[in-house]
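**Q** Read top to bottom, the protein sequences are chains A and V.
Residue numbers for the first sequence follow this note's numbering, so the first one is 1 and each next one is one higher.
Residue numbers for the second sequence follow this note's numbering, so the first one is 1 and each next one is one higher.
There's no promise every hint is true.
In silico SDA-like cross-links for lysine to any residue, where the CA-CA straight-line distance does not exceed 20 angstroms [to be verified]: (1) A:K102 / V:A43; (2) A:K126 / V:E15; (3) A:K126 / V:R45; (4) A:K126 / V:D13; (5) A:K102 / V:I55; (6) A:K126 / V:I55; (7) A:K102 / A:I134.
Okay, the calculated beta carbon distance ranges per label pair [to be verified]: (8) A:A93 / V:A35: 36 to 44 angstroms; (9) V:E214 / A:G48: 22 to 30 angstroms; (10) A:E109 / V:A36: 39 to 47 angstroms; (11) A:A93 / V:A36: 22 to 30 angstroms; (12) V:Q65 / A:Q44: 15 to 23 angstroms.
Covered stretches of chain V, going by a simulated chain A footprint (3 or more residues, C-beta under 8 angstroms) [what the hints assert, rightly or not]: (13) 5–13; (14) 37–49.
Keep in mind that the hints were calculated from the coordinates and are not lab data.
The beta-carbon is built from N, C-alpha and C at its ideal position, and this holds for glycine as well.
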Amino acid sequence: MLADEIAALLPRMRRFARALTYHREDADDVVQIAMERALGRSEQWEPGTRLDSWLFRIIKNAWIDEVRSRSRRAELFAPEEEGEHVGDDTAQAHQQRLAIQKAISLLSEEHRLVVGLVLVDGLPYKEAADVLEIPVGTLTSRLARARDALQQLLADPTRRTP
Amino acid sequence: MTFSDDTLMAYADGELDPAERAAIEQAMRTDPAIAAAVARHRALRADVAAAFGGILDEPVPARLQPVPSTAPASVLSLEAARAKRKRWSWPEWGALAATLVVGVLVGKTVAGGAAPAIAGNGGQVVAQGALASALDRQVGGGKADDAVKVGVSFAARDGQYCRGFVMGTSAGLACRAGGQWRIPVLAEVAPEATGGYRQAGSALPAAVLDAIDERIAGKPLDAAGEEAARARGWR
Numbered sequence: 001m002l003a004d005e006i007a008a009l010l011p012r013m014r015r016f017a018r019a020l021t022y023h024r025e026d027a028d029d030v031v032q033i034a035m036e037r038a039l040g041r042s043e044q045w046e047p048g049t050r051l052d053s054w055l056f057r058i059i060k061n062a063w064i065d066e067v068r069s070r071s072r073r074a075e076l077f078a079p080e081e082e083g084e085h086v087g088d089d090t091a092q093a094h095q096q097r098l099a100i101q102k103a104i105s106l107l108s109e110e111h112r113l114v115v116g117l118v119l120v121d122g123l124p125y126k127e128a129a130d131v132l133e134i135p136v137g138t139l140t141s142r143l144a145r146a147r148d149a150l151q152q153l154l155a156d157p158t159r160r161t162p
Numbered sequence: 001m002t003f004s005d006d007t008l009m010a011y012a013d014g015e016l017d018p019a020e021r022a023a024i025e026q027a028m029r030t031d032p033a034i035a036a037a038v039a040r041h042r043a044l045r046a047d048v049a050a051a052f053g054g055i056l057d058e059p060v061p062a063r064l065q066p067v068p069s070t071a072p073a074s075v076l077s078l079e080a081a082r083a084k085r086k087r088w089s090w091p092e093w094g095a096l097a098a099t100l101v102v103g104v105l106v107g108k109t110v111a112g113g114a115a116p117a118i119a120g121n122g123g124q125v126v127a128q129g130a131l132a133s134a135l136d137r138q139v140g141g142g143k144a145d146d147a148v149k150v151g152v153s154f155a156a157r158d159g160q161y162c163r164g165f166v167m168g169t170s171a172g173l174a175c176r177a178g179g180q181w182r183i184p185v186l187a188e189v190a191p192e193a194t195g196g197y198r199q200a201g202s203a204l205p206a207a208v209l210d211a212i213d214e215r216i217a218g219k220p221l222d223a224a225g226e227e228a229a230r231a232r233g234w235r
């Protein structure tokens, strides 16, 4: 069943959405909207094409349409977020992961999309370009600029706080 | 040999073909700046992947899972039957059409009982006896051993209530009009559908499902809707 295959991709959908919108609840809202759309239009998915790319495109559109307007940017660095992921790993590794997530949240929307698809999910350039409906050359140069911006944010802590 | 930073990035991302890879690996051995640039791209990719990797292990919130419908079984099975029907090929459609026996079963009896379940009445085929009584009273899909099982119920576009039913090896649609259950379509149930597992909705032949599709206004009634319609005498 297609619904089962879609459900199996939920962890990756959530992770991609978290790259787009830092706040966990906003990210899951995006995934929920995307799930409703995907299941409602499952006949639009062409068998033989990649289901993950199709779902990521729906997430991208859901994010742009529904959630961007009410993004909780003001709550980005609310205190309760800071301690959420502390597990048994070292505090330093934890801090680095948080710093990267925050830095990505400060990228432009265009850059967050390419970083989310290629660096966070690990999609090949061609698949990522398909999701964004842009040529591979455009994706490559956009990804290079996004990486530069991300390196700068990570190298310069003063720019991490808006 | 020089390479653009985009090319080094693509190398670090595993996007280059073997010839390009070999050229860059050659350059990395002789040019520390190229090796450092590749290392920087690889490190960023690894760091970003690590920063989000834990999300894959989080339990997925229930609200994101595909929703199993809480609708009554007859509704579910009607939809399942429709979906299944859409995949059938034309020869199967032909075979189903051949099982159509509208009007032929006038005078048919239920499970060997004495009273006819269907009667001709001034050009109309109407339910009577056990069938009429089941159509009047049965809600929620009936019990497994009922001689008549009433499945989907709905309001038709003309405002009448209609109900799909299965009776022995026949299935049909009955619509309430003039204090009677008129039967616009009656068909033989395919043999495999009369086996051990059978729900009123899923057993409905294509001809009956088509008749439902033609008439239904909105969605089938749920159990509460059936109760309410029964309380009003299906008017």
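**Q** Next step is simple, just say for each hint if it's right about the structure.
**A** Right, here's what the structure says about each hint:
no. : hint                               : result
1   : A:K102 / V:A43                     : holds (17 angstroms)
2   : A:K126 / V:E15                     : holds (9 angstroms)
3   : A:K126 / V:R45                     : holds (17 angstroms)
4   : A:K126 / V:D13                     : holds (12 angstroms)
5   : A:K102 / V:I55                     : holds (15 angstroms)
6   : A:K126 / V:I55                     : violated (24 angstroms)
7   : A:K102 / A:I134                    : violated (26 angstroms)
8   : A:A93 / V:A35: 36 to 44 angstroms  : violated (25 angstroms)
9   : V:E214 / A:G48: 22 to 30 angstroms : violated (34 angstroms)
10  : A:E109 / V:A36: 39 to 47 angstroms : violated (30 angstroms)
11  : A:A93 / V:A36: 22 to 30 angstroms  : holds (23 angstroms)
12  : V:Q65 / A:Q44: 15 to 23 angstroms  : holds (21 angstroms)
13  : 5–13                               : holds (count 5)
14  : 37–49                              : holds (count 7)
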